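*Asks:* Given two chains presented individually in distinct reference frames, assemble the corresponding complex, making use of the accompanying hints.
Protein sequences, first through last, are from chains A and B. First residue of the first sequence? That's 1 in our numbering, and the numbers climb one at a time after it. First residue of the second sequence? That's 1001 in our numbering, and the numbers climb one at a time after it.
These aren't lab readings, by the way, just hints derived from the structure by calculation. All values reported here derive from a predicted model rather than from experimental measurement. Where a beta carbon is used, it is the ideal one built from N, C-alpha and C, also for glycine. Keep in mind that a hint or two might mislead.
[Unchecked claim] Which residues of chain B face chain A? A few of them, derived with a C-beta cut under 7 Å, are:
1) 1149
2) 1153
3) 1155
4) 1156
5) 1157
6) 1158
7) 1159
8) 1163
9) 1171
10) 1248
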Amino acid sequence: MANVSNVTRLRETPAHTAVEVSNLNHVYEGREGKVAALEDISLTIEAGRFVVIVGPSGCGKTSLLMMLAGLRRQTSGTILCAGRPIVDPDPERVGVVFQEASLFPWLSALDNVEFPMALRKAPKDERRRRADEMLNLVGLQGFGGRYPHELSGGMKQRVSIARGLVQDPPVLLMDEPFAALDEQTRMTMGHELLRIWSQTNKTVVFITHSLTEAVYLADEVLVMSARPGRIIDRIPITLPRPRNYEMMASDVFGRLRDRIWQQIRTTP
Amino acid sequence: MSRIGIIAVRFALLAAVLAAWELLPRLGIVNAMLLPPLSDVVPMLGDILARPKVHEAIGVSAAEFAVAFVIAVPLGTAIGVLSAENEYFGEIFKPMLFYVFSVPKSIFLPMFILVFGIGFQQKVAYAAFSTIFVVIMSASAAVESVKAEHLLVARSYGATRRQVLTRVYIPSMTPVLLEALRISMIFNFTGVMIAEMYASRTGIGQMISSWGENFQMPQLFAGVILLATVAIIFNETIRWFETRCSAWRT
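Isolated chain B, as found in the complex (with noise of 0.2 Å):
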């Protein structure tokens, strides 16, 4: 199929969707207090967003992201190139991180609120933490996607140890770190959300979680939109950047 073929059929889908968000409950075949219809709820995001407790809710948010970000992406790339790097600190470290990173981190998060209290520092930790696991992973791949062959063609014309960093280790590992970026980002988020959403005074996981237990569906569904979009838009970027830098890879 041609490729506009495909484009026309994903907005035909889309739209079908949208379409029945909108006339399943109006219809009455859903029930509308559960579903608000479309109509309804795009104002409603309109209104929302216009409300300085919801700027203020984003801005927590975000700068909780921002700070549970700059900690975990560098420590976890540098525990992962270190793990991944020297065979000792490997041997030690490699299993209990695997088993760490199986376990499902929310399980953690009243343990965080002991230690932290309500509040931006749990919040913060408890993102970082859900994040940094995946970020060691990823960064230890990284890695390991270095060939020995182009190690060995670096040496035999001589690189130096700086020159072999910047010509074959960083090219090499681009795109899987990108990558990592941007799954950390999906972790980090959620992190984000599920801390708020648990238990929280601010952020926008907490809004929504109390416009959910007061049944203001419209506000929800507006809620949802909001992040969505977000969480799309950000994902993108980073995979437009992923792409740039890796059409080698195939």
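Same shape as in the complex, but just chain A (with noise of 0.2 Å):
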């Protein structure tokens, strides 16, 4: 990391590793037999980093992000998330941010952000404070009591951010979460989840289909072949932070943005 040490990171970060995966496959049983999914998946995540995944549609960005979250068993291989191996859901150390339409619509924008404290039957006030605060963080100040029917789907998205925040797990992994935002909204939303980031020195692993959302975000861009799903490149972004929306306009940006397109147009 050396040709981008004093710009790229603005903060402080302890060089240590959050997520380690160590060869892993995971095969699945489909209806022609057994179908590899994932293959020999390595990788390691320092604190604090922001990765971004991408690949073509099937190669398993998902299913890797699902075992990440204790979500879903691998085959075979290991993943340490803090130094010890997740096999279940474990909230105290990797919050999830899902894609569209994962709040409970039965819930206010406060109720939901609070629902992983209450699982664990935090004390009410405490609750409320964290939830508040997780509020005011992602810029929803004031609209706690809305129901994610009287939300915009930006502002569903910032309160999906505060729910994975609010336990203050180090790692937030992020399956697409915007997705299904438009244009606009989704150039805002990246903005402010690096604001985010900045303010909460989480390590965040991301999803996206968007070449340009990547680059933009990432420190490191991690590239999945199709079935079976294998990295096949990890570029390094060396655009300084904070970033802005004058960078996409530039040569580094627009070459970053065609290595990761070429690597995944050709793969097979």
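*Replies:* In structure tokens form, the structure reads like this:
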């Protein structure tokens, strides 16, 4: 990381490993026998990094994320998070932000954010205080009483992010969180996410189909191949932080975007 | 149009119907023997409500309704939930349930009479039978209305099985189940009335049937008003709960 040292890392981050995946393979029983979904995935993510995973549809990105979240079990290989293996969902270590429509429509924004804490029966006032803090962090102060159907798509995903952060896990996994948003809202949300990330020091693993979004957000982009999903390239994003919209027009941005595109395009 | 305007028009329409009911037979435009004027029917309603025989009949019908409901709703809900949750059970029973659901239940009434004889059991059994299929369908629809994303969210935040049930399944299903309850009430009420009108010695349905056969039109219409009122009150009460529990469903 010498080439990006002083500009990329604005924050002092202790160089320790947040997530470590070694020799992960996944095979599932399909209609026509066994299908290799993920093949020999090994990766190390340092704490505080923003890592984006891209790849063609059906390459197993979401499966990989589900395994990182402990929601699905890999066939072989290990996943370590904070030095301990992930076997079951552990909200203390990993928060997850899903695609749209994952908020509970019968709960207000505030209750949705409190949900993870309510599950582990945290005291009411602590829950409320923490959830309020998170809503403020994501820029939704005063919206706690609204129900999901009263919020815009972008606001709903802000609530989802607040919910993912409410238990203060070191790692935040995001599965195409802005895929359903319109282009403008998506850009704004990406920028907002970087602000939230820089304020919270989280390690983020973010899945997307959008190459622009990938380059704009990431410290590092991992490119996956079509099934069986393998990691075929790791591209450090050398753009300085804080990022701004003007960078999207720069040559560096274009070249990085193109490099990822070439990788995805040529994958069989 | 404003809310008040709409309500005003509704009342105007109701008033027009009631006025027609009163005036058409009075003016001799329709036969007063077939449609007795409203002003004859309303006192008759008071009159029949004061008769001990009518009280007894209402008591019998209400008991049949209650017992059939207590049988059909929990049993139907259990079967519906099972057929939606258990793949094997669903594969086997769902097609059959769909077929039977489409058949008019009243054609089975003679068999109920042969099996149970004429009486309380036959009417309860028939009413429960005619209700249970709609409960099964609605309950399985209620389970299917639970979103996979919501279950995944709950699991990812470490919800136990019990928490998944109380915090995801139940709130997701409540509006659909309340709707099911309301519709099953309508089916159940219909079932009791049909069983009583077809062959029975007691019950309000039997009374209505016999008033009709004996051409006692004021009594018949009074009975109709009575039952319609009861049905509407039931229906609206549950609908009120439904709206309260499903403000989020848009």
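*Asks:* Would you mind marking each hint as holding or not holding in the structure?
*Replies:* Hint check results:
1. 1149: holds (5 Å)
2. 1153: holds (5 Å)
3. 1155: Holds, about 6 Å.
4. 1156: holds (4 Å)
5. 1157: With a closest approach of 4 Å, the residue 1157(B) hint holds.
6. 1158: With Cβ-Cβ at 5 Å, under 7 Å, it holds.
7. 1159: holds (5 Å)
8. 1163: holds (6 Å)
9. 1171: Cβ of residue 1171(B) sits 5 Å from chain A, so the hint holds.
10. 1248: Holds, because the Cβ-Cβ distance from residue 1248(B) to chain A comes to roughly 4 Å (cut-off 7 Å).
Checked against the numbered hints above, the structure breaks none of them.
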